[in-house]
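Chains A and B, in that order, are what the protein sequence lines are.
Heads up: the first sequence is residues 0 to 243, going by numbering that gives the first Met the number 0.
Heads up: the second sequence is residues 0 to 258, going by numbering that gives the first Met the number 0.
The reader is advised that the hints may include incorrect statements.
Unchecked claim - Computed list of chain B residues with no C-beta within reach of chain A, every gap over 12 Å:
hint, residue
1, R47
2, V57
3, W120
4, L172
5, A214
6, R218
7, A237
What the hints assert, rightly or not - Among chain B residues calculated to face chain A with C-beta under 7 Å, some are:
hint, residue
8, Y102
9, I114
10, L230
11, L231
12, Y235
Hints are computed from structural coordinates only; laboratory data are not their basis.
Where a beta carbon is used, it is the ideal one built from N, C-alpha and C, also for glycine.
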Amino acid sequence: MSGLVAATATLELLQLEPPGWGAPLLRGLASSMMIAFGAYGLGLLLGLCGAFGKLYGGPVLRDLMAVYTTVVRAVPELVLILILFYAGTDAVNQILLGLGYDRIQISGVAAGIGVLGVVQGAYATEVLRGAIQAVPAGQIEAARAMGMAPAMIARRVTLPLMLPNALPGLGNLWLNATKDTALLAVVGFAELTQTTRQAAGATKAYFTFFMAAGVLYLTISLISGWIFARMERRARRGMPEMRA
Amino acid sequence: MILTRAFWQPHRIVLAAIAIAIVVFCAVTLRWDWVPKYLPLAAQGLWRTIWILLTSVVLGLMLAIPLGLAQAVGPWFLAWPARAFCTVIRGTPLLLQLWLLYYGLGSLFPQIPWIRQSDLWPILRQAWPYGLLALTLSFAGYEGEVMRGAFKGVPKGQLEAAKAMGMPRFTTLRRIWLPQALHRVLPTLGGETVLQLKATPLVATITVVDIYAVASRVRQDTFLTYEPLLLLALVYMAVTAVIVVIFRWFERRVPTRVA
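Chain B extracted, bound-state conformation (with noise of 0.2 Å):
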């Protein structure tokens, strides 16, 4: 669309024109003789936060699947925790539930002994476990109300027809109901993706060096105010677009049939 004559109107020229001023006003008059110095954290920052994010979002997705499930279809006892297991995450801010994981947890596991000479306990001393588990929580919770609709959309005559062929409970769910919840939660989870990018510099609190931490460093260093800040917000944006762009890619992929 940015290549397009109809985009470039006259006035977004001027518009374009004063955004390059800003940003070349930015680079002549901001200092920046810091970024060579700190490149190699910020790499290793960011591909912390990149892993951070397709990890939390992959096991959240299987997590919510169940979740999704359990609340459509599922028998009280299974339908009632997986209700009160969304509410719970998406009543409470994800910095309170990730410090009580972190602290809460961190202080419980040392108490006990078989976690402590178990050959987990070097992986449970670090901080990342906490905060991936908390981002998938999170993301599972969210994500389960969102497959709860998209079980519950899916027409039912495909699942009679299903029934009707002799297909097993489980196949039907694998081959027919599962494929298409899926399918009708595609565009949503693209937007859930950014929200959580966006919710993973909260794991910088309980000292994972994420991207978020690394700008926080150099500030520390640096005594800047504005020029980590800024770089930042620009590398969050770009990582938006690139998340953006995959999943418009991804809906593209997957055929939609139009009744």
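For reference, chain A alone in the conformation it holds in the complex (with noise of 0.2 Å):
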């Protein structure tokens, strides 16, 4: 009980002003944030070409693309992180090497937004193919029997359409993307989970930092489960009752 006591009692090393780290914490919690925005972004990108790609893409596309997610969802994160962080620099400066420039070192957000959204991309392939596969295909054939272009098909149809079905997974997936950032501590980078265990070892109030951590964590899920649960009612306004 003594360490309960000695962690309400350590609750102003959480102040903003510089005895206190809450500061640093909000500035980790800021770029775990643009960290997991960069990601999901990405991963929504890749995501959408992946299942385009697996729909309707040639049979040397669709196979790539079943390897592609299925590599990314049996490695763990942690070890898909570390090869594509140094393989993405290696690459990077293979590359600018070659062109003639010098090397560059690239910074910790940008390589945690490409590593990430990597791994974003795999999940939202699967839950946007599914959610495409969702949309009846009377739909898709009377816009090509309209004459539509492919991409104003997918743009004004197939998109709209999967909306309401992707939702949900999306959802998950915005979820995880804000999660894994905590994963980026493990190579060093300074985002929430990170900082948090400076400030924890260095103040040996343990509770008092992974408590405060936590409850970042859970307001920025429940905030988004309520935004996400909004959007997907929107989504499917006009549309028949879901049962339970």
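If you follow the hints, you should be able to join the two separate chains into one complex; please do so.
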């Protein structure tokens, strides 16, 4: 119990001014959110390409997509982060050297976004593929019969109609994106979890800081859950009520 | 499926040839002389990974049953804590939970005399109990949510029939409700187990020597970047394949009757 008493007594460590660690924690949260946003955006883009590739691509493209999603979903994110981090920086530098430029140091944020985006892309591919497949075939055939170009069919028919099917899965993916940013702590990037560990290690107030970070993550999760529920209700407007 | 003639279309033969070429290229150009030296350590690490995976899945599932039941039909004073538990577990990163338990409890326990003097202290001083606890709670949190849906999805008529037969409530749970609920989660359980496998390397961050930690050590000792990581990814893919095959076999054994 003495630990819990000590934990409540250390609450002033969370203050924003320098003796407190509040400001570094919030900065960590900001970089976590930035990476989550970037990775999620990149993941959606890759997922959209992947889903269309898997559904409408040629046999070679389809097999390559299958390899991508299978491998990424079978290997732990932590291992993928390390492999992609080193391979990615190496590849970029090789290309730069080949073009006659100097080596560059890739920033942690860019690397984090790239790596987590590739991971997100594999899951997004599966979510979007399922959602697109659930669009009634007659709708797409009707659009084709009207002489719409493929890009316009995607923009006007397929994507709006698949949105309500995809949103629950996409919501889960967003939550994964926010939580997966914590993995970058293992490679030493100063996002929320890593900053929390530093703060906790420096002050020995482990419970206070890990709980505080937990509250921050939980707040993000609850707010995003609420937003995605509203978006789904909006995307489903005018559709028959789902049976629970 | 891989042995059928339909699978081996011309483009797949070309792709397979390219894949084999890449593997041969890696085998020839990269350094693998460290493998025999670290093989015993890797075997130990792999065994620890699998042991933590199995234990946390079994214990987590056992915890998930009361969690799901409390949320599905429990009175509010049971349903609310169960829902709060699942929300907190699912809303925060596992790494944070792990570090909270390891660093938090790990710094709290030595201050409490009766824990230090108890017989459990030699175990609590090690890292793996905290890793196992965090992974178990995490699996219970995710699976508790799934079990809630599964309990609710069992047709009411089944339970009413049991009641009409005069079955006691616990017998109903044991013989009717739980088996049918478990039957419903079986298809998702394989996927959840793979996700749990992918969560196990996190325990390496609290000094548990699993297969991931062995690979990290090889990297530190030999200054190699890619070789240990590529082999590690291959090992995880193999374990995933085994899990998928086991669950597919298991699902086929359980009779399904489509109405």
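Hint check:
Distance check on R47 of chain B: its Cβ is at least 15 Å (rounded) from any Cβ of chain A, clearing the 12 Å threshold; non-interface status holds. Every CB of chain A lies more than 12 Å from the CB of V57 of chain B, the least distance being 20 Å, so the non-interface label holds. The claim that W120 of chain B lies off the interface holds: its Cβ sits roughly 17 Å from the closest Cβ of chain A, which is beyond the 12 Å cut-off. Every C-beta of chain A lies more than 12 Å from that of L172 of chain B, the closest at about 23 Å, which supports listing it as non-interface.
For A214 of chain B, the requirement that its beta carbon stay farther than 12 Å from each beta carbon of chain A is not met, with the minimum near 8 Å. Some Cβ of chain A comes within 12 Å of the Cβ of R218 of chain B; the nearest lies about 9 Å off, and the non-interface call is violated. Distance to chain A contradicts A237 of chain B as a non-interface residue, since its nearest Cβ pair spans about 9 Å, not more than 12 Å. Hint on Y102 of chain B holds. Least Cβ distance to chain A is approximately 4 Å, under the 7 Å limit.
A distance limit of 7 Å between C-beta atoms decides the matter here; for I114 of chain B the minimum to chain A is near 11 Å, and the interface restraint is violated. For L230 of chain B, the shortest C-beta to C-beta distance to chain A is roughly 10 Å, which exceeds 7 Å, and the interface hint is violated. A least Cβ separation of about 6 Å between L231 of chain B and chain A falls short of the 7 Å threshold, and the interface hint therefore holds. The restraint placing Y235 of chain B at the interface with chain A holds, with a minimum CB-CB distance near 5 Å, inside the 7 Å limit.
Checked against the numbered hints above, the structure violates hints 5, 6, 7, 9 and 10; every other hint is satisfied.
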